[in-house]
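Engineer: Chains as they are written, first to last, in full-length UniProt numbering: chain W, 1 to 350; chain S, 1 to 350; chain E, 1 to 350.
These are calculated hints, taken from the structure and not from any lab test. All C-beta atoms in this analysis are idealised placements derived from N, C-alpha and C, irrespective of residue type, glycine included. Careful, some of the hints might be misleading.
[Said to hold, decoys possible] Here chain E is said to cover these stretches of chain W; the calculated rule only asks that three of the stretch's residues, wherever they fall, bring their Cβ under 8 Å from a Cβ of chain E:
#1 177 to 184
#2 198 to 209
#3 307 to 317
[Unchecked claim] Okay, derived cross-link-like pairs now, DSSO-like style, lysine-lysine, Cα gap no bigger than 30 Å in a straight line:
#4 W/Lys-289 with S/Lys-51
#5 W/Lys-222 with E/Lys-222
#6 W/Lys-289 with W/Lys-51
#7 E/Lys-289 with W/Lys-51
#8 E/Lys-222 with E/Lys-21
#9 S/Lys-16 with S/Lys-309
#10 S/Lys-309 with W/Lys-309
#11 W/Lys-222 with W/Lys-16
#12 S/Lys-309 with S/Lys-289
#13 E/Lys-51 with E/Lys-222
#14 E/Lys-51 with W/Lys-16
#15 E/Lys-259 with E/Lys-289
#16 W/Lys-289 with S/Lys-222
#17 E/Lys-309 with W/Lys-21
#18 W/Lys-21 with E/Lys-21
#19 E/Lys-309 with W/Lys-259
#20 W/Lys-16 with E/Lys-222
#21 S/Lys-289 with E/Lys-222
#22 S/Lys-309 with E/Lys-51
#23 S/Lys-309 with E/Lys-16
#24 S/Lys-309 with E/Lys-21
#25 W/Lys-222 with W/Lys-51
#26 S/Lys-309 with W/Lys-289
#27 E/Lys-51 with E/Lys-16
#28 W/Lys-309 with W/Lys-289
#29 S/Lys-16 with S/Lys-259
#30 W/Lys-259 with E/Lys-289
#31 W/Lys-222 with E/Lys-16
#32 S/Lys-21 with S/Lys-259
[Stated by the list, open to error] Label pairs and their computed distance ranges (CB to CB):
#33 E/Phe-224 with S/Ser-25: 35 to 41 Å
#34 S/Gly-133 with E/Lys-222: 36 to 42 Å
#35 W/Ala-83 with E/Lys-222: 37 to 43 Å
#36 W/Leu-342 with E/Glu-316: 54 to 60 Å
#37 W/Ala-288 with S/Ser-138: 37 to 43 Å
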Amino acid sequence: MRIARTFQTAPAAVPKENTAKYLDSALASEGFSAPDWLVPDLEDGTAPDMKAEGLENTIDRLDGGVEFSGEIWPRVQWAYDDAGLRDRGEEEVRTLFEAVGDELTGVVVPKVGRVADVERAIDVVERAEEAAGLPGGSMELSVIVETAAARSDLRDIAMLGNEDAHGGGRLAGLVFGPVDYTAELGGRAIDGDRPRWDGLLEALSNEASANDVVAIGGPFDKLFEERAGVTYYNAPAYADQVEREAAVGLDGSWSLYPKQTVQANRIHMPTPTELERDVSKIERFNDAKAEGTGAVTVDGQMVDEATFKNFANTVETVRTIHARHPDQTRDVYDEALVDRALDLDTDWQR
Amino acid sequence: MRIARTFQTAPAAVPKENTAKYLDSALASEGFSAPDWLVPDLEDGTAPDMKAEGLENTIDRLDGGVEFSGEIWPRVQWAYDDAGLRDRGEEEVRTLFEAVGDELTGVVVPKVGRVADVERAIDVVERAEEAAGLPGGSMELSVIVETAAARSDLRDIAMLGNEDAHGGGRLAGLVFGPVDYTAELGGRAIDGDRPRWDGLLEALSNEASANDVVAIGGPFDKLFEERAGVTYYNAPAYADQVEREAAVGLDGSWSLYPKQTVQANRIHMPTPTELERDVSKIERFNDAKAEGTGAVTVDGQMVDEATFKNFANTVETVRTIHARHPDQTRDVYDEALVDRALDLDTDWQR
Amino acid sequence: MRIARTFQTAPAAVPKENTAKYLDSALASEGFSAPDWLVPDLEDGTAPDMKAEGLENTIDRLDGGVEFSGEIWPRVQWAYDDAGLRDRGEEEVRTLFEAVGDELTGVVVPKVGRVADVERAIDVVERAEEAAGLPGGSMELSVIVETAAARSDLRDIAMLGNEDAHGGGRLAGLVFGPVDYTAELGGRAIDGDRPRWDGLLEALSNEASANDVVAIGGPFDKLFEERAGVTYYNAPAYADQVEREAAVGLDGSWSLYPKQTVQANRIHMPTPTELERDVSKIERFNDAKAEGTGAVTVDGQMVDEATFKNFANTVETVRTIHARHPDQTRDVYDEALVDRALDLDTDWQR
Numbered sequence: 001m002r003i004a005r006t007f008q009t010a011p012a013a014v015p016k017e018n019t020a021k022y023l024d025s026a027l028a029s030e031g032f033s034a035p036d037w038l039v040p041d042l043e044d045g046t047a048p049d050m051k052a053e054g055l056e057n058t059i060d061r062l063d064g065g066v067e068f069s070g071e072i073w074p075r076v077q078w079a080y081d082d083a084g085l086r087d088r089g090e091e092e093v094r095t096l097f098e099a100v101g102d103e104l105t106g107v108v109v110p111k112v113g114r115v116a117d118v119e120r121a122i123d124v125v126e127r128a129e130e131a132a133g134l135p136g137g138s139m140e141l142s143v144i145v146e147t148a149a150a151r152s153d154l155r156d157i158a159m160l161g162n163e164d165a166h167g168g169g170r171l172a173g174l175v176f177g178p179v180d181y182t183a184e185l186g187g188r189a190i191d192g193d194r195p196r197w198d199g200l201l202e203a204l205s206n207e208a209s210a211n212d213v214v215a216i217g218g219p220f221d222k223l224f225e226e227r228a229g230v231t232y233y234n235a236p237a238y239a240d241q242v243e244r245e246a247a248v249g250l251d252g253s254w255s256l257y258p259k260q261t262v263q264a265n266r267i268h269m270p271t272p273t274e275l276e277r278d279v280s281k282i283e284r285f286n287d288a289k290a291e292g293t294g295a296v297t298v299d300g301q302m303v304d305e306a307t308f309k310n311f312a313n314t315v316e317t318v319r320t321i322h323a324r325h326p327d328q329t330r331d332v333y334d335e336a337l338v339d340r341a342l343d344l345d346t347d348w349q350r
Numbered sequence: 001m002r003i004a005r006t007f008q009t010a011p012a013a014v015p016k017e018n019t020a021k022y023l024d025s026a027l028a029s030e031g032f033s034a035p036d037w038l039v040p041d042l043e044d045g046t047a048p049d050m051k052a053e054g055l056e057n058t059i060d061r062l063d064g065g066v067e068f069s070g071e072i073w074p075r076v077q078w079a080y081d082d083a084g085l086r087d088r089g090e091e092e093v094r095t096l097f098e099a100v101g102d103e104l105t106g107v108v109v110p111k112v113g114r115v116a117d118v119e120r121a122i123d124v125v126e127r128a129e130e131a132a133g134l135p136g137g138s139m140e141l142s143v144i145v146e147t148a149a150a151r152s153d154l155r156d157i158a159m160l161g162n163e164d165a166h167g168g169g170r171l172a173g174l175v176f177g178p179v180d181y182t183a184e185l186g187g188r189a190i191d192g193d194r195p196r197w198d199g200l201l202e203a204l205s206n207e208a209s210a211n212d213v214v215a216i217g218g219p220f221d222k223l224f225e226e227r228a229g230v231t232y233y234n235a236p237a238y239a240d241q242v243e244r245e246a247a248v249g250l251d252g253s254w255s256l257y258p259k260q261t262v263q264a265n266r267i268h269m270p271t272p273t274e275l276e277r278d279v280s281k282i283e284r285f286n287d288a289k290a291e292g293t294g295a296v297t298v299d300g301q302m303v304d305e306a307t308f309k310n311f312a313n314t315v316e317t318v319r320t321i322h323a324r325h326p327d328q329t330r331d332v333y334d335e336a337l338v339d340r341a342l343d344l345d346t347d348w349q350r
Numbered sequence: 001m002r003i004a005r006t007f008q009t010a011p012a013a014v015p016k017e018n019t020a021k022y023l024d025s026a027l028a029s030e031g032f033s034a035p036d037w038l039v040p041d042l043e044d045g046t047a048p049d050m051k052a053e054g055l056e057n058t059i060d061r062l063d064g065g066v067e068f069s070g071e072i073w074p075r076v077q078w079a080y081d082d083a084g085l086r087d088r089g090e091e092e093v094r095t096l097f098e099a100v101g102d103e104l105t106g107v108v109v110p111k112v113g114r115v116a117d118v119e120r121a122i123d124v125v126e127r128a129e130e131a132a133g134l135p136g137g138s139m140e141l142s143v144i145v146e147t148a149a150a151r152s153d154l155r156d157i158a159m160l161g162n163e164d165a166h167g168g169g170r171l172a173g174l175v176f177g178p179v180d181y182t183a184e185l186g187g188r189a190i191d192g193d194r195p196r197w198d199g200l201l202e203a204l205s206n207e208a209s210a211n212d213v214v215a216i217g218g219p220f221d222k223l224f225e226e227r228a229g230v231t232y233y234n235a236p237a238y239a240d241q242v243e244r245e246a247a248v249g250l251d252g253s254w255s256l257y258p259k260q261t262v263q264a265n266r267i268h269m270p271t272p273t274e275l276e277r278d279v280s281k282i283e284r285f286n287d288a289k290a291e292g293t294g295a296v297t298v299d300g301q302m303v304d305e306a307t308f309k310n311f312a313n314t315v316e317t318v319r320t321i322h323a324r325h326p327d328q329t330r331d332v333y334d335e336a337l338v339d340r341a342l343d344l345d346t347d348w349q350r
């Protein structure tokens, strides 16, 4: 099980005294503030005239290795309908792999079009990996699904995650980009909010699961609200979005801000109530199973292999996070509950 | 028009004095308690160590013929990612067809994967039918859509319902399996409820209709609720789910329990209000039609061939149920209303 | 940018003294009452025994040219499962193109099935265009998506809008037909309303955008409501539907009635608030851009190229409507705001 609760973009260069300010703070983040995936952003987050500096910053900060606990995935420039941008993107991938390839898990490619365009991006990664002398197949690719063409080809694009697909299965992640997507479709925020694109999210979750790649929701950009003269961080609205994404099985959420990272890291962990409920259901089910019946009723709910798997998912997620971030599980759950989760028999025996 | 209002699974063996208790009661059910499709369950409803007994029970109870008014569709073991389970499933199909094939409409195969896996299941049915000396093409197949792979291939899987498809169109039904499906996608019941997967249900209804196969919703397993110390049958929540399924055009709903069967049989019949409304609209429309206009307004709604077809659907459904279960239509509608429905001219004449 | 805010069907013949009454009033409509696309309806809106008269009326009214400000798109007879109807439809297309082809933008073909059926309709248009001696490729095709087969093949059907597709990209519009669609799927108006088919609308918007064709919502046929003895035009319910369609990026809405046309023309224009908001955001963003940062926060919302495109869409829509209907923009917006929208730099410079 791979952890990708948070996909935090950080502009690679900003017009401040320290142009790597956001990159520095993201790389120094700890605990719940540290994203599982950190994305130094050379695309829309960095101004046109600062792209070169963004690339330098990224290399400078990663060169020689970093302490950072998560995966590092720079986002490069790209667009399915702009060959010039794609050339710049390829150049960025080559430069990054050459200089700091060992520190990276892969690259994030935005604005991909139909499946052939994603295959083109895979070829770019493959050539850059070889040119940099990195181990064959070590560098992965995630794409932002934010064009009508990519949504139309989503099923075929997701299949590029399979080992026998073009490029040997480098595709590792599908990330939703709602702002560009809404603009492409001509959608409107009539009452102030963009449509939620529930159908797309359901399909993203399904196709990612069918091909064992990671699915991540889109950014929430109304970071702050104002009420009666006071501006505050918009915590509830972001949490609502992340909860909806978690419910339909997205693996993680996009973060634009450290507080969003804290929230998404937390929400993509089972709540203490969920963990207590599912640990307890498995415990009671395992007891009942000893008596030899297939369908057992626990709290008025029939438990069969399928229901059981849902409970076991909860426990497996906690175990994976615990192995990597024991401080986080300690923070959220009772020690005794963590121990019960670790000890539990989560095998359904046929 | 085929009736499949209810798809009731009954564990084929349970650890009680009479291990066929649920099978016996389902086979003896009458009136609204009798499902249109009865599914003796050899898969998740029967404990691993009771599979053989479940198979024996099913054969024993069906051998020599039964009075049961509906179709009988055993669910066998199967999984797209487990060859051992598929072998056991094939063995179960062969044994069932050999012993009681004449009593069966077909078999239900769970946990299918991509379209090639469903074709594999079709081949199993075809071989077993031949081995048992049953008429060629007489045994049908329904599958549970409960994996990301099956959802991804849903369009192609549904096309197996066409006569010119692999196996000659044996696929007769598509049934949703939300529990396994949610587990596969990593979905979460954050507020206690699984996501509804509205996109999947809409697609299931569409692809079933496009290929003339039956579409059936998933089980509702919170059979009972407790309030202030009293446990009660969760009638409203199940009815809500069945109504949503009926609205989007699913032909039937999954039942785990006789009271659910009563409710789903009722909800998948037009209500008296719907029948009165649509009979009356057709009557008034037919009168207006005599005056020779294409678009007629009845109650402020324009009625053309398309609207008319919706009204006629209501009437046709009632006629089909009436032909098979006159006791049920008598129970639900005024005798005079049934007579009007039977007498009505539901032909749209171009 | 093409305008298709309204798709108004007008029965081509009705049993009144002037059988072309609705056609005449639609052709004479002005201002917000005039649809962007006017659809003389030879299909469901015209009675079976008045089809010939409907065709005559259409030709008679268009012959010699009309003042009408929008595009004219007759709907002919057709059904994927009825060869006789298709023959009549082909005959209608030929007659129309021969007599008044110069006045038409194209034809609307209903009840199409899978992609092969739409290709068949394209061939009909191509042959009729040639027979009538019209410029090659001048006549377009829009189809009503109202069968399960067309929904199943929607992705491939939409691709017929591309220049390199069958027939050279004649497909120009995809229009939803919810009444026939609901009847085909066996959907039910249990609480009085048909399902909204949100998944289909999302897909329609996406596939239209991916192939640069126009997407239009379905008719709303509850034109009138009665309350306490008074019958009134159902303005709010229609507006709600049109707003939902606009939000998910449909280009226009179906109108059955002049007041619906007024409403849909208005709703598919940005509101004054939207225009003021987006013009102001671009103005402030352009100012901030001069300082050289990629991601700028305006009103607590991060603005990057993607967000910017959404604002620019609003402005472009207003400019397009203004070029064609300056009376409409004058009616809706302050003159000063229109001037700001026209003057604005909406180029995102990389």
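Engineer: Straight-line Cα separation of S/Lys-309 and E/Lys-51 no greater than 30 Å?
Structural biologist: holds (20 Å)
Engineer: E/Lys-51 and E/Lys-222: Cα distance at most 30 Å?
Structural biologist: Holds, at roughly 25 Å.
Engineer: So the hint says 54 to 60 Å: do the beta-carbon atoms of W/Leu-342 and E/Glu-316 match that?
Structural biologist: The hinted range 54 to 60 Å holds for W/Leu-342 and E/Glu-316, with Cβ atoms some 58 Å apart.
Engineer: Does S/Lys-289 sit within 30 Å of S/Lys-309, going by the straight-line distance between their CA atoms?
Structural biologist: holds (15 Å)
Engineer: Three residues minimum, CB to CB under 8 Å: does the region 307 to 317 of chain W make the cut for coverage by chain E? Let me know.
Structural biologist: Answer violated; 0 residues pass the 8 Å Cβ test.
Engineer: Within a Cα-Cα threshold of 30 Å, do E/Lys-309 and W/Lys-259 meet the stated pairing?
Structural biologist: holds (27 Å)
Engineer: For the region 198 to 209 of chain W, do at least 3 residues have a Cβ located nearer than 8 Å to some Cβ of chain E?
Structural biologist: holds (count 3)
Engineer: Given the hint that E/Lys-222 pairs with E/Lys-21, does the C-alpha gap stay at or below 30 Å?
Structural biologist: Answer holds: E/Lys-222 to E/Lys-21 is near 21 Å, not above 30 Å.
Engineer: For the pair supplied as a hint, W/Lys-16 and E/Lys-222, is the alpha-carbon distance within the 30 Å limit?
Structural biologist: violated (58 Å)
Engineer: Checking one constraint from the list: CA of W/Lys-21 to CA of E/Lys-21, max 30 Å. Satisfied?
Structural biologist: With a Cα-Cα distance of about 70 Å, the restraint between W/Lys-21 and E/Lys-21 is violated, given a limit of 30 Å.
Engineer: Apply the coverage criterion to the region 177 to 184 of chain W and chain E: a residue qualifies when its Cβ sits closer than 8 Å to a Cβ of the chain, and three qualifying residues are needed.
Structural biologist: Satisfied; 6 residues make the cut.
Engineer: With a cut-off of 30 Å on the C-alpha distance, tell me whether W/Lys-259 and E/Lys-289 pass.
Structural biologist: holds (26 Å)
When each numbered hint is compared with the structure, violations occur for hints 3, 5, 6, 9, 10, 14, 15, 18, 20, 26, 31, 33, 34 and 35.
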